[in-house]
Amino acid sequence: EADIYQTPRYLVIGTGKKITLECSQTMGHDKMYWYQQDPGMELHLIHYSYGVNSTEKGDLSSESTVSRIRTEHFPLTLESARPSHTSQYLCASSDSVPQNSPLHFGNGTRLTVT
Amino acid sequence: AQRVTQPEKLLSVFKGAPVELKCNYSYSGSPELFWYVQYSRQRLQLLLRHISRESIKGFTADLNKGETSFHLKKPFAQEEDSAMYYCALAGYSSASKIIFGSGTRLSIRP
Chain A
1 EADIYQTPRY
11 LVIGTGKKIT
21 LECSQTMGHD
31 KMYWYQQDPG
41 MELHLIHYSY
51 GVNSTEKGDL
61 SSESTVSRIR
71 TEHFPLTLES
81 ARPSHTSQYL
91 CASSDSVPQN
101 SPLHFGNGTR
111 LTVT
Chain B
1 AQRVTQPEKL
11 LSVFKGAPVE
21 LKCNYSYSGS
31 PELFWYVQYS
41 RQRLQLLLRH
51 ISRESIKGFT
61 ADLNKGETSF
71 HLKKPFAQEE
81 DSAMYYCALA
91 GYSSASKIIF
101 GSGTRLSIRP
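Those protein sequences? They're chains A and B, same order as listed.
Here my numbering is used: position 12 in the first sequence is 12, and no number is missing along the way.
Here my numbering is used: position 50 in the second sequence is 50, and no number is missing along the way.
One thing to keep in mind: the hints can contain errors.
Unchecked claim - Anything over 10 Å on all C-beta distances counts as not near chain A; from chain B, calculated:
1. Ser26
2. Glu32
3. Gln45
4. Gln78
5. Glu79
6. Ser102
7. Ile108
Said to hold, decoys possible - To give a feel for the contact side, a few chain A residues facing chain B, derived at Cβ under 10 Å:
8. Tyr10
9. Leu11
10. Val12
11. Gly16
12. Tyr33
13. Gln37
14. Asn53
15. Glu56
16. Asp59
17. Ala92
18. Phe105
19. Gly106
20. Asn107
21. Gly108
Stated by the list, open to error - In silico DSBU-like pairs for lysine-lysine, Cα to Cα no more than 30 Å straight-line:
22. B:Lys65 with B:Lys97
23. B:Lys97 with A:Lys18
24. B:Lys57 with B:Lys73
25. B:Lys57 with B:Lys97
26. B:Lys97 with B:Lys15
27. A:Lys31 with B:Lys15
28. A:Lys57 with A:Lys18
29. B:Lys97 with A:Lys31
30. A:Lys31 with A:Lys57
31. B:Lys73 with B:Lys97
32. B:Lys73 with B:Lys9
33. B:Lys15 with B:Lys57
34. B:Lys73 with B:Lys22
35. B:Lys57 with A:Lys57
36. A:Lys31 with B:Lys65
37. A:Lys57 with A:Lys17
38. A:Lys57 with B:Lys73
39. A:Lys31 with A:Lys18
40. B:Lys9 with A:Lys57
Quick caveat, the hints were computed from the structure, so don't treat them as lab data.
The beta carbon of each residue, even a glycine, is placed where N, CA and C say it ideally should be.
So here's chain B without its partners, still in its complex pose (with noise of 0.2 Å):
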């Protein structure tokens, strides 16, 4: 069955200290990961995915076979950065449908 795990509900950093957000996945197949977010009062949007391989608001996610895996890291938390975090998942196939994990809230203190 797919599914996406994001353990933490709340992760509480400094500013300036690594960042890092969980996800795990299991589905049969190769699927695509993304990373949402959502701001206070903004609405959910794409943050990156992987076949993309970019480096967003200094944010990078690789995606780990192996581990099945895809977790969120920034070497140097900003404030800016706190926000709710959904990892996404979603095969290839025609008929494929997004599915998003529970989320975690990221809190970044001064």
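Bound-form chain A, shown alone (with noise of 0.2 Å):
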């Protein structure tokens, strides 16, 4: 079925630990974007893709890098976690056309740093 995939969906990790949270689609969009969730806040645009090999920072300086090797991938690494990464992830992907395609949202990875 084609859907988007996250995960972990609960991940609790040591400061100085890196870690990799995986998001996968099998919609064939070319766009993929990280945002970042903190409770009863915004969403915050952190990384996007337009796609394969192009990658942008979003609005919201994170300390996070993603990569886009294949379409379907969209995994976002972080070197050496903190607390203040202390977040929820959610990974969306939509269609190149028409322009301003909706977002399909995945379940969301909840990051907690130790």
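Starting from the two chains in their separate frames, assemble the complex, guided by the hints.
Have a look at this one:
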């Protein structure tokens, strides 16, 4: 079934560890996004990609990095996790055409850094 | 600067009462506006977009360019409408990104 998948759903990790949050979609979408969301707060765009080998930083400064080597895969990496990285991370994808096609969201990864 | 403002964090109304979730925006140009919804234990999903001019689950939203608003309305609230609602904005350039407001939690009391 065409969908967008995020793993893990929950992650508790110690300060200084390297982590990768996985996001994959089977809808053939060109555009993919990472949003960061704190409880009761707006979604902040931290990274986006409009296709393979294309990545851009979003509006919210983030110490994370992303890669887009394959259309369906858009992982997010934190080289050294800190408590300030504790948040919910949402991955989304959308078609390139038509313009402003709706975003399809994954279930999110709730990250806690102790 | 692009910005989406949802002034109410929480809105609580009785079942059968009218609902209006407020959304104001700032954008230099003609944006496209959306409402996304997240029901309990479900993913964030598109509810409606202004260019579609549709009524979805009884909800409508009209873009008011003069007041730069895109309020979400429903004449008679139902318990299943309880959810988190996010207003969002996007421009029409190929490089445009979608930005979201802080969300309003709608709670329908029986």
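Do the hints match the structure? See the list:
1. Ser26: holds (14 Å)
2. Glu32: Answer for B:Glu32: violated, closest chain A Cβ roughly 5 Å.
3. Gln45: Violated, since 7 Å does not exceed 10 Å.
4. Gln78: Holds, since 23 Å exceeds 10 Å.
5. Glu79: holds (22 Å)
6. Ser102: violated (4 Å)
7. Ile108: holds (19 Å)
8. Tyr10: violated (14 Å)
9. Leu11: violated (18 Å)
10. Val12: Status violated, d = 20 Å.
11. Gly16: At about 31 Å, which exceeds the 10 Å cut-off, the nearest Cβ of chain B leaves the hint on A:Gly16 violated.
12. Tyr33: holds (8 Å)
13. Gln37: Because about 9 Å separates A:Gln37 from the closest Cβ in chain B, which is inside the 10 Å limit, the hint holds.
14. Asn53: violated (17 Å)
15. Glu56: The hint holds - A:Glu56 has a Cβ within 10 Å of chain B, the shortest such distance being about 9 Å.
16. Asp59: holds (7 Å)
17. Ala92: holds (8 Å)
18. Phe105: Holds: closest Cβ of chain B sits about 4 Å from A:Phe105, inside 10 Å.
19. Gly106: holds (7 Å)
20. Asn107: Since the shortest Cβ distance to chain B is 6 Å, the answer is holds.
21. Gly108: With a closest approach of 8 Å, the A:Gly108 hint holds.
22. B:Lys65 with B:Lys97: holds (20 Å)
23. B:Lys97 with A:Lys18: holds (28 Å)
24. B:Lys57 with B:Lys73: holds (11 Å)
25. B:Lys57 with B:Lys97: holds (27 Å)
26. B:Lys97 with B:Lys15: Violated, because 36 Å separates the two Cα atoms, which is more than 30 Å.
27. A:Lys31 with B:Lys15: violated (39 Å)
28. A:Lys57 with A:Lys18: holds (20 Å)
29. B:Lys97 with A:Lys31: holds (10 Å)
30. A:Lys31 with A:Lys57: holds (14 Å)
31. B:Lys73 with B:Lys97: Since the Cα atoms of B:Lys73 and B:Lys97 sit roughly 25 Å apart, the hinted pair holds (cutoff 30 Å).
32. B:Lys73 with B:Lys9: holds (16 Å)
33. B:Lys15 with B:Lys57: holds (15 Å)
34. B:Lys73 with B:Lys22: holds (9 Å)
35. B:Lys57 with A:Lys57: violated (35 Å)
36. A:Lys31 with B:Lys65: Judged against 30 Å, a Cα distance of about 28 Å means the pair holds.
37. A:Lys57 with A:Lys17: Distance of about 22 Å is within 30 Å: holds.
38. A:Lys57 with B:Lys73: This hinted pair is violated, its Cα atoms lying about 34 Å apart.
39. A:Lys31 with A:Lys18: holds (26 Å)
40. B:Lys9 with A:Lys57: holds (28 Å)
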